[in-house]
Each structure stands twice: as structure tokens, then as C-alpha cells.
Amino acid sequence: MARAVRTLPALSRRTLLRGAGASVALPWLEIMEPRSRLAGALDGARRREPPRLSVLFVPNGVLPSAWTPEATGRDYELTPTLEPLETLRDRVFVLTGMRNANSREGEGHYVKTTALLSGAKVKRTGGRDLQCGTTFDQLVAQRFAGETPLPSLELGTEPVSPIVDMGYSTLYGGTISWRSPTRPAFKEIRPALAFDRLFRAQALATPRVRSVLDVVRAEAKALEGRLGGEDRDRVAEYFESVRAFERRIEGLRTGADHAEVDAAARPVDGIPADFATHVELMLDLQVLALRTNTTRVCTFMFGNAVSGRDFSFVEGVQGGHHPLSHHENDPAKQAQYQRINRWHVAQLARYLQALRSTPEADSNLLERSLVLYASGIRDGNRHDPNNLPVLLAGGGCGQLGSGGHLRLPMHTPLCNLYLTMLRMMGLEDLESFGDSTGALDLPR
Amino acid sequence: MSVRWAWIGLGVSLALADHVVGQAAEPGVPTLAEARADWAEAEPLFAAHCARCHGARRPKANVVLAARDADQVRADPELWSRALRQVEFGAMPPASRKVQPSAEERTSMVAALRGLLTAVESGAPADPGRPVLRRLSRSAYQRTVRDLLGVSFDAAARLPADAQAYGFDSVGDTLFVPPMLLERYADAAATIAVAARETAAGRALLGIEGPEMPTDQLVRRMLRRGFRRPPTDDEVASRLALVAAAEAQGLAPHDGIETALQSVLMSPHFLFRVEEDREVDRPWRIGDHELAVRLSYFLWSSMPDAELDGLADRGVLCEPDVLRGQVARMLADPRARALAEDFAAQWLGFGRVRDIAVDFRRFPAFRRLRGAMVEEAERTFHRLVVENRPVRELLDADEVIVDRRLAAHYGLEMSGSGWQVLALDPERDNRARGGVLGMAAVLTATSDPLRTNPVRRGAWVLRALLATDPPPPPANAGTLPEDDRQPDKLSLRQRLERHRQDVSCASCHAHLDPLGLALENFDGIGAWRDDAQGRPVESATVLADGTWLGGPTGLKRWLVEQEPRFVRSVISHLFTYALGRPPRLADEAVLHEVERSAAEGGYRFGDLVLGIVASYPFQHRRRP
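Protein sequence lines, in the order shown, are assigned to chains A and B. At position 394 of the first sequence the residue is numbered 394 (my numbering), and the sequence of numbers has no breaks. At position 463 of the second sequence the residue is numbered 463 (my numbering), and the sequence of numbers has no breaks.
If you are wondering where the hints come from, they were derived from the structure by calculation, not from laboratory data. Among the hints, a few may not be true.
[What the hints assert, rightly or not] DMTMM-like, lysine to aspartate or glutamate: derived pairs with alpha carbons at most 25 Å apart:
hint, chain 1, residue 1, chain 2, residue 2
1, A, Lys-121, A, Asp-90
2, A, Lys-333, A, Asp-274
3, A, Lys-221, B, Asp-233
4, B, Lys-98, B, Glu-497
5, A, Lys-221, B, Asp-277
6, A, Lys-123, A, Asp-165
7, A, Lys-333, B, Asp-277
8, B, Lys-60, A, Glu-328
9, B, Lys-489, A, Asp-165
[Claimed, not checked] Which bits of chain B does chain A cover? Going by a derived footprint, with three or more residues having C-beta under 8 Å, they are:
hint, stretch
10, 126-137
11, 174-188
12, 260-269
13, 272-286
14, 528-539
[Said to hold, decoys possible] Cβ-Cβ distance ranges computed for the label pairs, FRET-style:
hint, chain 1, residue 1, chain 2, residue 2, range
15, A, Asp-429, B, Ala-75, 40 to 46 Å
16, A, Asp-262, B, Pro-230, 46 to 52 Å
17, A, Ala-264, B, Arg-314, 36 to 42 Å
All of these numbers come straight from a predicted model, not from anything done at the bench. We treat Cβ as the ideally placed atom computed from N, Cα and C, and that holds for glycine.
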């Protein structure tokens with residue numbers, strides 16, 4: 001497919017999804033026509049279609065006093081940090097009291113980040129034999145692989161930093177999704193390449209590439225048979241990746257995977273210098289991915305574990321995220337830390353609003369999604385994975401009632417929430433996940 | 001009880017420096033019988049100082065160290081290596097425990113445990129270690145494409161960054177191939193195959209230029225270069241089928257050849273450095289083609305050139321004289337700059353400076369200096385490589401390589417422009433410069449955005465220069481304020497002193513802090529300062545063993561006295577980089593041999609490289 005790749009200046013993109021009202025048009029989404037990806041799936045069949053799943057991870061915890069509301073139920077008062085969610089409160093559950101018990105030991109950040117979505121124990125290693133646990137988002141992705149062009153989309157903003165820290169590979173701190181206990185799912189941090197990941201396969205679905213894949217798949221298979229041990233696993237992974245790519249190309253050829261996307265929507269190369277723009281772009285791409293049904297599962301890391309990103313661009317903040325998260329109960333630092341927390345929640349609100357503003361069938365994308373927002377630690381000053389800050393948003397295709405503040409029994413396993421979500425996603429027969437003790441009883 | 005050498009990123013404890021470094025060490029690795037005898041002698045010390053808390057019943061931190069039997073210890077080398085590190089570093093027993101082993105007892109414990117873990121059964125077969133399949137790292141991919149096709153491909157913009165293991169991004173264990181990367185490779189292969197039409201090397205390989213050649217020969221040559229070994233008939237046949245298919249569709253002849261090139265760039269035999277396994281139980285010497293690949297990716301981060309290919313084809317590369325000659329040739333080649341850009345940048349950490357966050361308001365000069373800082377470090381290291389200079393010069397040199405911007409940053413006088421080797425005048429110039437400790441790139445990489453970070457600098461000295469990995473801090477360790485300008489006017493030094501009063505922190509920080517505080521005369525981007533926060537910088541510190549360091553030059557002098565430990569650090573980092581796995585305790589004898597072989601020349605970089613290349617693990621492979 002010949003596509004003139006034209007790029008827009010980054011600034012003009014910044015405002016694309018801005019404008020929170022439901023009536024505001026989303027120019028760059030309107031130019032896409034998600035034709036056959038959604039065609040034929042309406043009516044009765046649609047209602048049984050599982051919701052989209054989106055996970056937003058925020059590093060370095062939150063300031064507890066400004067996070068947890070006092071009252072419970074529907075009519076609680078939003079705390080300063082949660083205030084940006086005001087117009088969305090009917091679609092957001094604040095879940096208090098959950099913990100990720102297996103990540104209590106280890107160190108302060110990496111373990112609690114990489115095991116957040118699996119509840120697994122993390123092996124301490126500088127790189128060899130990485131081990132965590134398959135995360136619940138990937139379980140969903142694997143269950144529905146083949147139904148969408150991409151099983152899942154992992155996005156972030158920061159590269160895996162080049163150090164081994166505290167005996168842990170920093171890969172742990174830059175990864176929240178694991179395809180298997182030993183294989184991390186890598187995230188994309190460049191907007192343009194994330195866009196390519198969604199739509200470039202269309203340009204690659206040529207007879208030439210298909211014939212090339214035939215050859216190298218056969219070579220990988222032969223090689224796999226000649227190797228042993230870990231070498232064999234590595235080539236097997238390559239082989240599976242070739243197969244996944246072939247399946248995707250096959251879908252493109254038969255028209256099952258086809259979204260008309262204007263090449264002009266491709267963001268410029270590189271990483272935007274301005275962090276806020278970067279985050280907006282990545283979240284816009286998630287909306288685009290979900291809207292075009294290119295995938296049903298997305299994860300996003302606002303930052304890696306221990307991110308020291310300079311947040312001086314937020315009014316009233318002077319300094320980096322991780323240093324300020326160690327507030328040492330100093331009120332001046334706490335105030336700045338809280339403003340950073342609030343900024344993240346505001347990005348969530350903007351994202352949820354964009355989903356809500358995207359009509360789908362007789363409803364909208366937010367109603368047809370489950371959005372999890374969480375950090376791996378409660379208080380950045382303490383590094384404890386107890387009473388974690390967790391928000392669950394969206395309608396889950398009618399499976400989730402209007403929002404509120406739920407105080408669960410203290411130390412409820414976080415995996416109970418995942419089990420609940422997995423069942424909502426269509427894995428009804430699942431009996432347990434991680435250290436779950438049972439599903440949560442969320443208001444419908 | 002004999003005191004033996006510290007190796008394998010463990011190093012000798014600073015607390016014991018006066019006992020260990022001062023003594024004439026007996027080189028080598030003990031026999032198993034000797035090690036057992038030493039262990040039997042030292043075991044009561046472990047029972048007294050470790051097993052009280054780490055006994056079989058309710059062990060602290062779930063760590064059980066109640067082993068009386070030497071075989072039990074050898075059966076769990078991972079656990080006991082960790083214990084070794086803690087005891088050796090002085091972090092265990094914790095400072096909160098009243099009964100502490102004496103310095104002599106600690107020395108005995110460390111020596112006995114290390115001996116037991118490193119001793120090799122006499123007559124046991126040599127073991128090259130577990131094989132590691134390594135994918136081309138992002139940097140290696142870019143360089144290989146350049147050397148194969150003359151195409152300059154911006155891999156940093158097109159491929160995701162590789163994760164690191166053991167300090168290097170080229171270690172096989174973390175080189176995954178997720179679906180996302182495979183799509184990226186497919187995209188890259190398509191782009192590169194088109195770009196190859198425009199380069200001389202590409203046109204030659206595609207048969208667009210040069211002597212007329214039958215298609216099968218053309219394909220064979222392409223595969224020979226791309227797979228870095230002679231191709232099999234099947235591999236040739238599958239490419240010929242691609243060419244025939246293109247012809248059958250009525251496409252231009254070069255179209256099929258381009259498809260074949262794309263299939264080379266996508267093949268596991270291109271993307272991985274494949275080594276064949278054999279159906280034998282003993283380790284075997286790898287073939288010459290595999291040796292050429294190990295060599296070229298070690299020294300150039302790229303594929304072998306025509307000369308290496310020719311020697312490997314004739315099967316003579318493994319001959320010691322030939323190999324020696326090739327190592328010398330390769331180190332003098334401009335491509336060996338990869339050792340500076342890939343190896344040294346990661347080992348010494350200065351590569352981080354390329355994308356490190358520094359507060360521009362606090363350090364306005366940094367914007368102009370960022371590129372020059374990295375360039376200085378790379379040029380300095382590259383000179384060491386090309387001129388085969390002693391690695392000691394990294395610790396202390398009487399020259400620096402600077403441009404005008406850096407010279408001004410360092411307060412040095414320089415005339416002319418461009419990059420120059422500037423001799424430091426001992427009368428006039430600051431002797432803290434010259435060597436990695438005075439390098440702005442290193443000093444910036446070990447700082448925070450708004451201030452210096454003495455703890456990180458101290459840990460860096462231990463880890464990078466002295467091959468001693470400090471144990472990690474507990475999860476709830478406090479942090480220093482991110483800005484050194486605080487209302488309470490305490491200096492970082494005063495804050496750290498306060499922190500050290502906490503016994504649970506003291507045992508490690510007593511080792512880390514003095515090393516980092518000695519560098520406090522260098523600010524967060526490596527500029528010299530006599531005052532900070534309105535008062536004189538106190539950089540005179542005392543090591544845990546009582547050694548007095550008079551600031552940066554004193555630290556430098558002390559490090560030069562630690563040259564054996566530094567050399568060991570260079571060797572162990574080189575080993576990890578070259579082999580794609582860190583040395584095991586069982587590799588101790590190998591590392592020792594590398595050191596011995598380079599001693600005569602005063603530990604020149606090329607001699608150390610040669611020692612690694614000549615070593616048993618570099619030239620052998622076993623089944624997984």
C-alpha cells in the first residue's frame with residue numbers, strides 16, 4: 001500500500017483530543033474509518049463482546065492523606081488528588097484496602113512495579129533468569145489472540161534505564177506486562193513507532209514480506225531443533241513472533257484487519273521534549289487503538305519505577321518525582337508530591353473523557369471498557385504495597401455499576417480485583433488468579 | 001590459613017584492606033582438599049557469627065546459613081556467594097550485633113568461603129560455562145548493517161532499546177525477540193534492502209555492480225557475508241526459490257535478489273550469533289567461523305571483515321600467532337572505537353550522560369558540554385585501545401583529551417581549536433584531572449539533576465573500579481534531599497554523617513561515603529569548586545580502615561595503590577562483555593590467568609583483551 005507519510009508538527013497534535021465535553025469532535029479520530037474491523041459485529045453478538053481493557057500505571061505511589069476519601073458509597077467527597085475526576089465520578093470506583101502481598105519483600109520499587117499486575121513473587125537477578133508471573137492483562141490478550149490484529153499494546157514514556165540496581169535488573173522497573181513468567185512484554189515509548197505498531201503492518205503486508213517470513217520461519221524451526229536449553233527457548237520465542245506477525249498479515253490480506261488511517265495522523269519521529277505532550281500523544285494512541293479495535297488490551301506506564309522525572313512544569317512543583325515522593329513528612333514536599341499525583345489523575349480524567357466522547361454502537365467506548373489506574377506502592381515515602389491506590393473506571397459493557405468509594409476489608413488481595421476483571425473480560429471459568437481468594441462483589 | 005585473591009566482582013573488603021591488600025597474596029585457586037581443610041578450620045566462626053540468626057529454626061530473612069559440611073556449601077553456591085559478599089563487605093553481621101568477628105577472623109571467613117566456592121575438583125574437566133545465544137544488540141545491528149551493506153541505519157530511532165544485564169546491553173539473557181521487535185526488524189529489513197541499492201557495498205552484494213555472476217553464486221556470497229559463515233545448500237536453495245518466484249511473477253531480476261537480502265536480514269542466522277551444538281558430552285573448541293564472530297563482536301560490535309573471513313575459511317584463525325596478529329590489527333582499526341562506545345560507556349557509566357537529566361537552571365553550562373563530555377571519555381578510552389596503553393592510565397594520567405569548551409570547564413589553558421591531547425602542568429594545573437575520576441562525563445553520570453550524589457559516586461568507585469558490588473540498601477532507606485540547597489543549611493556531608501549514626505546503615509555507608517565525599521570538590525557536572533553552600537568543601541575523608549584520603553587527589557593516589565584490584569575489575573567487566581555472561585566463581589582461575597599474562601607489560605589494555613581471547617571459555621563451548 002503506497003502511503004505518503006506526511007508528518008504534522010508536534011504542537012498541533014497536542015490539542016487534538018483536548019476539549020473534554022462529549023460534543024467536542026475528535027478531529028484525528030474522525031479521519032480514521034474503522035470499517036471492517038467492527039463491521040458485522042453489531043447487535044446481539046456485540047453485547048457478548050468482552051470489554052476493552054486498559055491499565056494505567058503511575059510510579060512512586062501517592063500521598064495517602066490527599067488520596068483516600070473519608071466517606072464511602074456514592075456520595076463521598078472527592079479528595080484534592082481525585083478532584084479532576086469530578087465529572088466522571090459516576091464511572092469511577094475508588095477501591096481502598098487492597099494489597100499485593102507477594103511484593104512486600106525485595107526492595108522498594110522494582111518488585112512492586114513488575115509484579116503489580118500478576119501478584120507474583122519476583123526473582124532477584126541482574127538479568128539472567130528473570131522471573132515474575134504472567135500478568136492478567138496478558139492473560140486476556142492471549143485468550144483473545146487472533147480476534148484483533150494485535151493481542152495487546154504496551155506503551156510508556158521512559159526507556160529501561162541502563163543500570164542494574166539493588167541486585168535487580170532495571171528491566172523489572174520498566175515492565176508491567178509479562179507474556180509468560182520469563183518473558184516481559186516490551187513497551188513502546190516513541191509515539192511514531194507506536195503508531196507504526198498499530199498501522200504499519202498494512203504497508204508490510206506485501207507478497208514479498210510473506211515469502212520472506214516463509215523462509216525465516218522454516219529456518220527458525222530447523223534451528224530450534226538443533227539447539228538445547230535456553231538457546232532453544234530464545235529461538236522458539238523468535239519463531240512465535242514470526243507466527244504472530246504472519247497471522248497479522250494474513251488478517252490484513254483477508255480484510256479482517258483493515259482500518260483506513262490517514263498517514264497524516266502519524267506523529268513526528270522522536271520523543272516530544274515536553275512530557276505533557278508525550279503523555280497526551282501516547283494516551284491518544286491508546287484511544288485510537290481501542291477505537292479501531294486494533295487491540296482490546298492496552299497498558300501504559302506514566303513512568304518507570306523510581307522515575308525521577310522533573311515535574312517543575314506543574315505549577316507549585318520544583319523538582320523530580322521520586323525525590324519528592326520521599327517527602328519525609330515535610331509539608332512543603334508533601335504539597336508538591338500531591339500536585340504531581342493530581343497531575344497524573346488529571347491525565348486519567350482526560351483519557352476517560354476521550355473514551356466517553358468516542359461513540360460506539362449505541363453507547364461509547366468508556367461504557368465498553370474497563371480502565372484500571374494503580375501504583376505499586378501506597379506512599380512513596382514508605383514503599384509499602386498495602387492499601388494501594390487503585391481506581392477502576394468504565395462500564396465494562398454493562399457489568400459495572402455507577403461509581404463510588406468502596407472500602408474493602410483491609411489487605412484484600414489485589415488479585416481478587418484481577419480475578420473479577422478477568423471474569424468480566426470473558427474468562428468466566430477462571431477459578432483463581434495469583435494469590436486471589438475470591439472475586440470482589442462490585443456494584444453492577 | 002592462606003589469604004587468597006578476590007575476584008568475580010566481589011573484591012576485597014575495604015574494612016580488610018589493610019589486612020589483605022598489604023599482604024603478599026598467594027595467587028591462584030586452592031585445590032579442593034586445601035579448601036576443605038580451610039573450611040573446617042573456619043566453620044566455627046560461621047556457626048558463631050552467622051548461624052545464631054540464620055539457623056535452621058526461624059531464620060532471619062529466610063536465609064539459612066547453618067551448614068557445617070563443605071559439600072552443603074558447595075551445593076548452593078548462589079546462597080553462599082551472597083553470604084560471602086555480605087561478610088566481605090562488612091555488612092554482616094549487622095552493626096547492631098554486639099559480638100563482631102575480629103578483622104583477622106573476618107579475613108579467615110572470607111578466604112575459607114571463597115576458597116571453598118572457587119576450588120575445582122582436581123582432574124575435573126575444564127568447563128567453558130553455560131552457552132548463551134546472543135541476539136545482535138541495537139548497536140551491533142546498526143554496525144553490522146553498516147559493514148555488510150554500507151547503509152547507515154539509525155537503529156536508536158528505529159529499534160527499541162535493549163535491556164541490560166550485568167551492566168551490559170549485549171548479554172544474551174535479556175535479548176528477547178517479542179512480536180513488537182520482529183515487526184520492527186521486518187520494517188528495517190525492507191528499508192535497508194532499498195537503501196542498499198544506493199551504496200557501493202550494497203550494489204556489489206546485490207549484483208547491480210561488479211563482474212557478472214551466476215545467481216546462485218551471488219546468493220551464496222550474500223549468505224556467506226550475512227550469516228558470517230558458509231551457507232548450507234538448503235539456505236541457498238530457499239533464496240534461489242525467492243528469486244525464481246519473483247521472475248515467475250514477471251518482476252525485474254534485481255527484485256528477487258532484494259527479496260533474498262530481506263530474508264537474510266530477517267533470518268535468525270543473521271539476528272542471532274548462532275553457534276552449533278554437538279552431540280558430545282565434553283566441551284569442544286569452537287570452529288574458526290564462530291571464533292571470528294566472537295572476536296569481531298567483542299572488539300568491533302560488528303561482523304567479521306574480509307580478512308577474518310578468509311582466515312576462518314582456511315581454518316587458521318585459531319592458530320595462536322594468527323589470532324594474536326588479528327587482535328592487534330583489530331584493536332588498531334577505527335572500528336575498535338566500539339570498545340569505547342559500547343564497552344567503556346557501559347562499564348564506566350558515562351554513556352548515560354547522552355540522555356541524563358541535569359537541571360539547566362542550576363547548571364547552565366551543561367547544555368553546551370553534554371556532547372563534549374562523552375566525546376572526551378570515548379576518545380580517552382579509544383586512545384588506550386589503539387595505543388595499547390596500561391589501564392592504570394585510566395586512574396591517573398598526566399594528560400587529558402579536551403576541546404576548548406572542556407578545557408574551560410576544567411580551568412585549563414588551551415590554544416588552538418579542535419580536540420587536543422593536553423599535558424597537565426604539575427605546577428600550575430589541577431592534578432585531580434587526568435583519569436576517569438576527574439572526567440566530567442563520569443562525575444555527571446554519578447550525580448543527581450540538582451546536586452552531587454556522594455553515595456552513588458562511592459558505589460561507582462567500588463563497583464566500576466574495584467570490582468566490589470556493595471549490597472543493596474534496605475527498602476526503607478531514607479534519601480537525601482534532591483537539592484543541596486536546603487533551608488537547614490546542612491551540607492550533604494553532615495546529612496550523611498547523621499545517616500551513618502543509624503546502625504543499620506552504618507556498616508555499608510562507612511565504606512561508601514568516604515569514597516564519594518572525597519570527590520565533593522567536583523560539582524554535579526564535574527566543575528571544580530572550593531566552596532559549596534557558602535562554605536569550604538570538606539573533601540578530606542577517612543576510609544573505614546583508617547586510611548586518610550586528602551580529597552580527590554588523595555583518592556586518586558590511593559586508587560593507584562589498589563591497581564591489582566582495578567586490573568581485576570577491568571578483566572571481570574571485559575569477561576562479561578566478551579562472553580555475554582558474568583564470570584562464575586569457577587572462572588576464577590581463568591581470570592587469574594588473564595591477569596598473569598598481562599602482568600609483564602604493566603597491564604596494557606590490548607594484553608588483557610588478548611588474555612580474554614586466549615582463554616578457555618572464549619574458545620570453547622559445551623552443550624547447555
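Do at least three Cβ atoms from the stretch 126-137 of chain B come closer than 8 Å to Cβ atoms of chain A?
holds (count 5)
If you draw a straight line from the CA of Lys-221 of chain A to the CA of Asp-277 of chain B, is it 25 Å or shorter?
holds, 15 Å
8 Å C-beta criterion, at least three residues: is the stretch 528-539 of chain B covered by chain A
Since three or more residues must qualify, the claim that chain A covers the stretch 528-539 of chain B is violated, with 0 doing so at under 8 Å.
With a cut-off of 25 Å on the C-alpha distance, tell me whether Lys-98 of chain B and Glu-497 of chain B pass.
Roughly 21 Å between the alpha carbons, so the hint for Lys-98 of chain B and Glu-497 of chain B holds.
Within a Cα-Cα threshold of 25 Å, do Lys-489 of chain B and Asp-165 of chain A meet the stated pairing?
The given pair, whose Cα atoms are some 30 Å apart, is violated under the 25 Å limit.
Verify the proposed pairing of Lys-333 of chain A with Asp-277 of chain B, using a straight-line Cα cut of 25 Å.
The hint is violated at about 58 Å.
Lys-333 of chain A and Asp-274 of chain A were given as a pair; does the straight-line alpha-carbon distance stay at or below 25 Å?
Cα-Cα ~23 Å, so holds.
Take a look at whether the Cβ-Cβ distance between Asp-262 of chain A and Pro-230 of chain B falls inside 46 to 52 Å.
holds, 48 Å
Given a hint of 36 to 42 Å, does the C-beta separation of Ala-264 of chain A and Arg-314 of chain B actually sit inside it?
Given a distance of about 56 Å, which is not inside 36 to 42 Å, the answer is violated.
Agreement of Lys-60 of chain B and Glu-328 of chain A with the hint, judged by alpha carbon distance not exceeding 25 Å
violated, 28 Å
Report holds or violated for chain A covering the stretch 260-269 of chain B, Cβ cut-off 8 Å, minimum 3 residues.
Since 6 is at least three, the answer is holds.
40 to 46 Å as the expected CB spacing between Ala-75 of chain B and Asp-429 of chain A, which holds or is violated:
holds, 42 Å
Violation of the numbered hints given earlier is confined to hints 1, 7, 8, 9, 14 and 17; the remaining hints are satisfied by the structure.
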